[in-house]
Amino acid sequence: MINEYLNIIFLDSLKILSLVIPVLIAVAMIVWVDRRVWGLVQLRRGPNVVGPFGLLQTVADALKYIFKEIVIPAGSNKIIFILAPVVTMSLALLAWAVIPFGENIYVTNINVGILYLFAVSSLGVYGIIMAGWASNSKYPFLGALRSAAQMVSYEVSIGFVIVTVLLCVGSLNLIDIVIAQKKIWFAIPLFPMFVIFFISALAETNRPPFDLPEAEAELVAGYQTEYSGMMYALFWLGEYANILLMCAMGSVLFLGGWLPPIDKYPLNVLPPPIWLIIKIFLLFFAFALIKAIVPRYRYDQLMRLGWKVFLPISLVWVIIVSGFLVYFKMIPTN
Amino acid sequence: MLAHSLVFYLFSFITIASSIAVISARNTIHAVFFLILDFVSVSCLFIMMGAEFLGMLTLIVYVGAVAVLFLFVVMMLNVNYSDLKSGFLNYLPFGGLIGLVLIIEIGLMIGTWKYRDTFIKTSEIKINSNLSNTEAIGNVLYTEYLHYFQISGLILLVAMIGAILLTYRRKDNLKRQDITTQVSRERSESVQLEDVESFKGVKLND
Chain A
4 MINEYLNIIF LDSLKILSLV IPVLIAVAMI VWVDRRVWGL VQLRRGPNVV GPFGLLQTVA
64 DALKYIFKEI VIPAGSNKII FILAPVVTMS LALLAWAVIP FGENIYVTNI NVGILYLFAV
124 SSLGVYGIIM AGWASNSKYP FLGALRSAAQ MVSYEVSIGF VIVTVLLCVG SLNLIDIVIA
184 QKKIWFAIPL FPMFVIFFIS ALAETNRPPF DLPEAEAELV AGYQTEYSGM MYALFWLGEY
244 ANILLMCAMG SVLFLGGWLP PIDKYPLNVL PPPIWLIIKI FLLFFAFALI KAIVPRYRYD
304 QLMRLGWKVF LPISLVWVII VSGFLVYFKM IPTN
Chain B
29 MLAHSLVFYL FSFITIASSI AVISARNTIH AVFFLILDFV SVSCLFIMMG AEFLGMLTLI
89 VYVGAVAVLF LFVVMMLNVN YSDLKSGFLN YLPFGGLIGL VLIIEIGLMI GTWKYRDTFI
149 KTSEIKINSN LSNTEAIGNV LYTEYLHYFQ ISGLILLVAM IGAILLTYRR KDNLKRQDIT
209 TQVSRERSES VQLEDVESFK GVKLND
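Chains A and B are the protein sequences, given in the same order.
This note's numbering numbers the first residue of the first sequence as 4 and each following residue consecutively.
This note's numbering numbers the first residue of the second sequence as 29 and each following residue consecutively.
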């Protein structure tokens, strides 16, 4: 009996580790890619000293953060102050559990996978709001308020984007969502929704041009102003893990997940996980380019874009898509 | 099965403990965080009972949206909890009276209430065990319970319009930004180059 439980626990932890460790390594690499692309766009070299091509730069940075002193401000609320980066990092890793890397390659396969993904990514705001409040200081607090409002607003349009995809699939399961794209990726028939999803994902992860919570000209470093050492590094890694998660979500919902573009000879040689990784990487590359190219939005424009542009458009698209499916009797049933 | 029920009772314990903490926490922000913990453990309970759709919706709606707004408002209000508590003895008789009435009502209901014969008990509703609970809810929500669904939507709409109407004030001297006029501004109409002679000054047309 107990042996059985121990067995299950051991196997599950092994499964989880085999996902979490690659994700963490990918986060470290992706930080390097981000800085490198940023540098190249601005005709600089970017980090190129530590290790081959500067690949170990993130490892060096992480080591530096580990050895730095953690300063906890005297007026802060200590428990929540320490909890905030932990919440950010663990939520960012938690959501990876349901991402399918192949038809049988996943940690868990739950009925309501997409809702789980949506729920966990909407909890990410707590890390920021806790950090902002617990720091007991003006700039972090203002940054946290901004970011809470921003993330809640853009979640609404992401929700409607997910609804349109679900209408075309007829299931909340992520594997079913990918399999439904065998004929055509949803990015083509639902292209406007893909664009809305991409821009909302930028806003949801506080990436430029929507990085107002940490706009350095106005708010120093926003919610992370008072953080130092490893706690700051946790925020920083959590943010990148979240960005990767959003890219993975985008590839599962719109770019056919692990499926190759065409199921023909030279393309289907690559194993499914590699295809998903390529798609995640391409989406992240777009994120990195946008960071380097686009100037920051003004806060009122950001709110206007979320509520007055994206929300009506995505709502109308939900109605159009469902009307289309009903009229042509294409509603998926299982 | 043993592990399942142990975990279930653990979550139940967290639910009850955190709801007690909500009303006894000294700091209002801590109270909201306990409320969030409460919501999360309730959604865990839903999931453990096999209602994964309800569990996820609790997480998305209550924790992801409602509680964030709660937290938002409470953080800005700066409530002093000790001030609130100071009137405890003054309000005790009145509050106690309300509590007493409620307890008597509950007692009456348990003691003497009889259900009508036609009343359908929840345990008698037939559930198709082949359907996942998302489909089961979808099947009845928009067919049998359509009117309840629409009425509850209408109530929410009325509440929303009411809240907007109460807080909206039209100010006449307010400058509003119009993105199209901002974007369509030309250089020729906004920049003006002038040679200024010394001691003469210059008059600009505004």
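Since the hints were derived computationally from the structure, they do not count as laboratory data.
All of these numbers come straight from a predicted model, not from anything done at the bench.
Ideal placement from N, C-alpha and C gives every residue a C-beta, glycine not left out.
Among the hints, a few may not be true.
Claimed, not checked - In silico lysine to any residue, SDA-like type, Cα no more than 25 Å apart, as pairs:
id, chain 1, residue 1, chain 2, residue 2
1, A, K311, B, F36
2, A, K141, B, V101
3, A, K332, B, T171
4, A, K311, B, Q205
5, A, K81, A, M233
6, A, K294, A, V159
7, A, K186, A, D266
8, A, K186, A, P275
9, B, K199, A, Y302
10, A, K311, A, K81
11, A, K18, B, Y196
12, A, K311, B, M76
13, A, K18, B, K199
Unchecked claim - If you anchor each label on the Cβ, the simulated ranges turn out as follows:
id, chain 1, residue 1, chain 2, residue 2, range
14, B, T171, A, I293, 17 to 27 Å
15, B, E214, A, V89, 51 to 61 Å
16, B, L185, A, M4, 48 to 58 Å
17, B, G190, A, I323, 22 to 32 Å
18, A, I73, B, F122, 10 to 20 Å
19, B, H175, A, V44, 54 to 64 Å
20, A, L318, B, A191, 12 to 22 Å
21, A, L17, B, H175, 34 to 44 Å
Query raised in the report: Taking only the CA atoms, is the gap from K141 of chain A to V101 of chain B under or equal to 25 Å?
Result: Holds, because 17 Å separates the two Cα atoms, which is no more than 25 Å.
Query raised in the report: Between I73 of chain A and F122 of chain B, does the C-beta distance stay in 10 to 20 Å?
Result: Given about 50 Å between the Cβ atoms, the range is violated.
Requested in this report: Starting from the hint 51 to 61 Å, judge whether the C-beta atoms of E214 of chain B and V89 of chain A obey it.
Outcome: holds (53 Å)
Query raised in the report: Taking 34 to 44 Å as the hint, is the beta-carbon distance of L17 of chain A and H175 of chain B inside that range?
Result: violated (52 Å)
Query raised in the report: Do the beta carbons of T171 of chain B and I293 of chain A sit within 17 to 27 Å of each other?
Result: Violated, since T171 of chain B and I293 of chain A (Cβ atoms, about 45 Å apart) do not stay within the stated range.
Query raised in the report: Regarding the pair K199 of chain B and Y302 of chain A, is the alpha-carbon distance no greater than 25 Å?
Result: Given pair K199 of chain B, Y302 of chain A holds - Cα atoms ~22 Å apart, limit 25 Å.
Query - 25 Å Cα cutoff - pair K311 of chain A, K81 of chain A - result: violated (39 Å)
Query - Agreement of K186 of chain A and D266 of chain A with the hint, judged by alpha carbon distance not exceeding 25 Å - result: Within the cut-off at roughly 10 Å; holds.
Query raised in the report: Lying within 48 to 58 Å: is that true of the beta-carbon distance L185 of chain B to M4 of chain A?
Result: holds (55 Å)
Query - Distance restraint hint 22 to 32 Å, applied to the beta-carbon atoms of G190 of chain B and I323 of chain A - result: holds (31 Å)
**Report entry** Restraint check for K18 of chain A with Y196 of chain B, where alpha carbons must lie at most 25 Å apart
**Finding:** Violated: K18 of chain A and Y196 of chain B sit about 54 Å apart, past 25 Å.
Query raised in the report: Does the Cβ-Cβ separation between H175 of chain B and V44 of chain A fall within 54 to 64 Å?
Result: Cβ of H175 of chain B to Cβ of V44 of chain A: about 57 Å, so the range 54 to 64 Å holds.
Hint check: violations occur at hints 1, 10, 11, 12, 13, 14, 18, 21; the rest are consistent with the structure.
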